[in-house]
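Chains A and B, in that order, give the protein sequences. Everything in the first sequence is counted per our numbering, starting at 1 for the first residue and increasing by one. Everything in the second sequence is counted per our numbering, starting at 424 for the first residue and increasing by one.
No lab work stands behind these hints, which were simulated from the structure alone. Any given hint could be a false lead.
Calculated lysine to any residue pairs in the SDA-like style (CA-CA distance at most 25 Å, straight line) [unchecked claim]:
1. A/420 / B/542
2. A/39 / B/437
3. A/417 / B/541
4. A/95 / A/358
5. B/532 / A/256
6. A/417 / B/426
7. A/420 / B/425
8. A/420 / B/485
9. A/417 / B/474
10. A/420 / B/426
11. A/95 / A/314
12. B/532 / A/95
13. A/420 / B/507
14. A/39 / B/426
15. A/420 / B/433
16. A/420 / B/561
17. A/39 / B/543
18. A/417 / B/445
19. A/420 / B/434
20. A/420 / B/429
21. A/256 / A/100
22. A/417 / B/537
23. A/256 / A/278
24. A/417 / B/432
All values derive from a computational prediction rather than experimental measurement.
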Amino acid sequence: MRPATNLLGLVPGRRPRPGFDVARVRRDFPILDQCVFGKPLVYLDNAATSHKPRFVINTISHYFERDNSNIHRGLHNLSERSTRAYEGARGKVQKFINAADAAEIVFVRGTTEAINLVAATYGRSRVGAGDEILITEMEHHSNIVPWQMLAEEKAAVLRVAPINDRGEIVLDRFEAMLTDRTRIVSVVHVSNSLGTVNPVRQIVEMAHARGVAVLIDGAQAAPHRPVDVQALDCDFYAFSGHKMYGPTGIGVLYGKRRLLEEMPPYQVGGDMISSVTFEKTVYNAVPHKFEAGTPNIVGSIGLGAAIGYLGGIDLPRAAAYEDELLAHATEAVGSIPGVRLIGTAREKASVLSFSVEGVHPHDIGTILDQEGIAIRAGHHCTQPVMRHFGVPATVRASLCFYNTHEEIDALADAVRKVQKVFA
Amino acid sequence: MSELAELYQQVILDHNRAPRNFRAIAGATCSAEGYNPLCGDHFTLALSMDGDRITDAAFQGTGCAISKASASMMTEAVRGLLRAEAEAILDAFHAMVTGRGGDPSALGKLAAFSGVSEFPARVKCATLAWHALRAALEGRGAAVSTE
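If we strip away everything but chain B, and leave its shape as in the complex, we get (with noise of 0.2 Å):
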């Protein structure tokens, strides 16, 4: 059980059950879809730009409990940060879930999802979110894949 209890660790179920940012937001920067066909997640997100800055995300769609807490929490996380720091997060958490190291207590909160590495089927799962951070981030505004 320690592995699952690593992977469902209680802020993760949390943003599960309450997702924050969870709406859509009027007037936005930018935006993208993370869909992943073989499983069937799917979620919008939305950015507002004030210049390089984030000023807003948010997210909706739905998903398993690790693509959704995911999707949350990096709006929490990406909130007021300029575009580079963002970016450097979104690297950060990835090397983290795919285990290719870095230093996930650098990741605040996100190193929750550190246990994600122990489960490769679900990497998809907790990078779905951060795929469409990247293409709204770089203007592709059309549907990303994980497949």
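Chain A extracted, bound-state conformation (with noise of 0.2 Å):
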């Protein structure tokens, strides 16, 4: 039975603290007011993509029909305004993730291009062969490929830390496989499978205590909670502007000024350079080295909206509420019989991954998407974890501040229909 809701679609007794108004958030996204087969729609995918606020869809609109021109090199009032609105987002990318200087902030295409880039650059200038790197077990592919690929490269050992069966990192057995041959660490800070908020300032100290860098991959954490790069002290930090409430094809690396400058560029061409002669090519200083090419220019721009509605949401008082729809999320659907929730880490956001015993995940998915609601099924680019638990692939609901309680029940309630129409 769905408990009986108010107006705002919110339990009685489970009440966002005050001051998140979800019902005005939800109207900041036009997206979520239509009906999928005839049924309201609840988009439970939030961490395949989140939906865009009117106000970044207004921003990118305002852009290409007042502003729109190649940045860096005109000298028309268009260009100059175009440079002002990408290198502003870059500062508020900056006082996002607070760090040190806007030179730290890297425009790149995403996450993905994130880690490559570190991979190639980092990775390629400091490891050898016999030395290693080390992630672990919970990685995303993109966070394992581009290691293996520098490991093979460079004769290198590719380490992988074990996680225990809540789908949290065996700490110290990780701490055990940072060795003298270790050149660097790459960590998820949250799950896209399992949820798991990881204990990122940890590793990084015990990486640092052994003069190892740290990249932690953020492409789930930056939605969700707050983060601050100098308290971390990470090296690298990675994200996707997408997932975030901004457009696709626009994602941030952070680096440390430091090694940023000590890195050999990632791609070459245009922008990057300071001189160019047939016989010697100077480099533009950082960030600007890793930017070859005219750049996502109203990626950058939609992504700096997103931060700054982001601003105006109160991000703490967001994640609590989340917090608060993932406890109802995990104990209505954990509930059901027949129900295994795959990833019951002590420290959780937004995803709930779980399966159905007897129905595949993708049957779920395709009645779940009849009763208007959109999950994922599948491996979620996390084929070792669902090695570890035994599953070929999972449910995923994924949450974020524009969802509601009653949306809860709604996934609650078709879980059972599908238990009746396999039963």
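Put the two chains together into one complex, using the hints given.
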């Protein structure tokens, strides 16, 4: 039975903290106001990509309608406006993650490109034969394959710290795998398939105690948790714009300035040089050294707008509300007989992965879709995690602050409906 | 619910619960794997042939209800058929689930899969084992992928 809800679709007694007004927030996201197969859309695939608030959509439209121009090269007014907006977005990102310097913010296509960049530059210049790269068993394929390729190229060793059956990194095993041959550690902040929030501050301390640099994959963390790269003291931090209410095709690599300056360039071409002759090229200063070619200008500006929007949301408050939603989902779905939760870490954020006895996740996905509920079914680009838990795939409901308690109840009802179809 | 009921017909749910010919064939004439890396569905199909006639067909592996039921009903449908007859069914089945016409009634019990054409994301599930059948008949034993 679905509990009675009030006008906001909230279950009494499960109200968000005062000041978080989910009904108002939902009005900011025009896409949410629609029906799918005749049912109100329940969008629970936020870990794949989030929706965009009207403020982001309008900022992007305005840019194309009024300011569109190339940056860093035009003498004309439109180019100056575009350049100001692009570099302004960099400043917004800097403040958003509390980087010490805007030059430490490199715009990339997304988290995947950020990790590839570090592997191809820092990695290639620091990792040699017999050296070690340390990751964990819960990494996304994009935080496995670039290191695998690097290890192959350099005859280095890719080491993988194990996770336990709750889906947490076994920290003492991780620490024991840090050796005097470890050259870089790359760890996910929040797992996309398990929801685990990793103790990244502690991981950075462990690695730094041995002089090892740390990259944190923050793709699933940045949309849900305030990130402070100086407090974390991580060497690199990567995240994507489209998972945090911005457009696709834009992401961020944060790197400590000293490291970025020492690293060779990634791609080469226009905008990343300060002078070119056929004898010698002098590279531009960071971050431009890593931004060859005309960048995704509107993407950066859209990401800046998303950060501006989040500034008005109050992220810590939104995170507390998301935690309430996740606790509700864990109880409502986890208590259904035959449901197995995959990923039960003590520290979790926004992701509920589960399987239903006797029903393949893809069949669940199809039936939920007919109920207007969008979830993801599959291995979530974390096949080693699936192997660890002995499942081919899971159903993943991923939440964010525009979801409601009523939507969680609709999910639980739909799972029961799946069981009826397959009874 | 009507399209959903069309997709998950009782015969499909039954074959999912209790797949037929779900076994290995000792001394099979040919076999092929069907693998969808995106969803992890993975089947091995084995055939025994007497000349051009399929004398036995069986499969093993894991997958969703649609892919498993499709594999199960396919092994029943092709047993005893000549190679050319099996290939004709294969083509008709493919046309039906991709919504490219054909006469579902000519497919007998396999017409239960006609609802798949309303679910484009599930066409690959329904055709996985059939891709393996084609590979096995053509003597391509390596894994075939629907991606």
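* Find the hints from earlier in the document that the structure breaks and name them by number, from lowest to highest. => Per hint list: 2, 4, 5, 9, 12, 13, 16, 18 and 23 violated.
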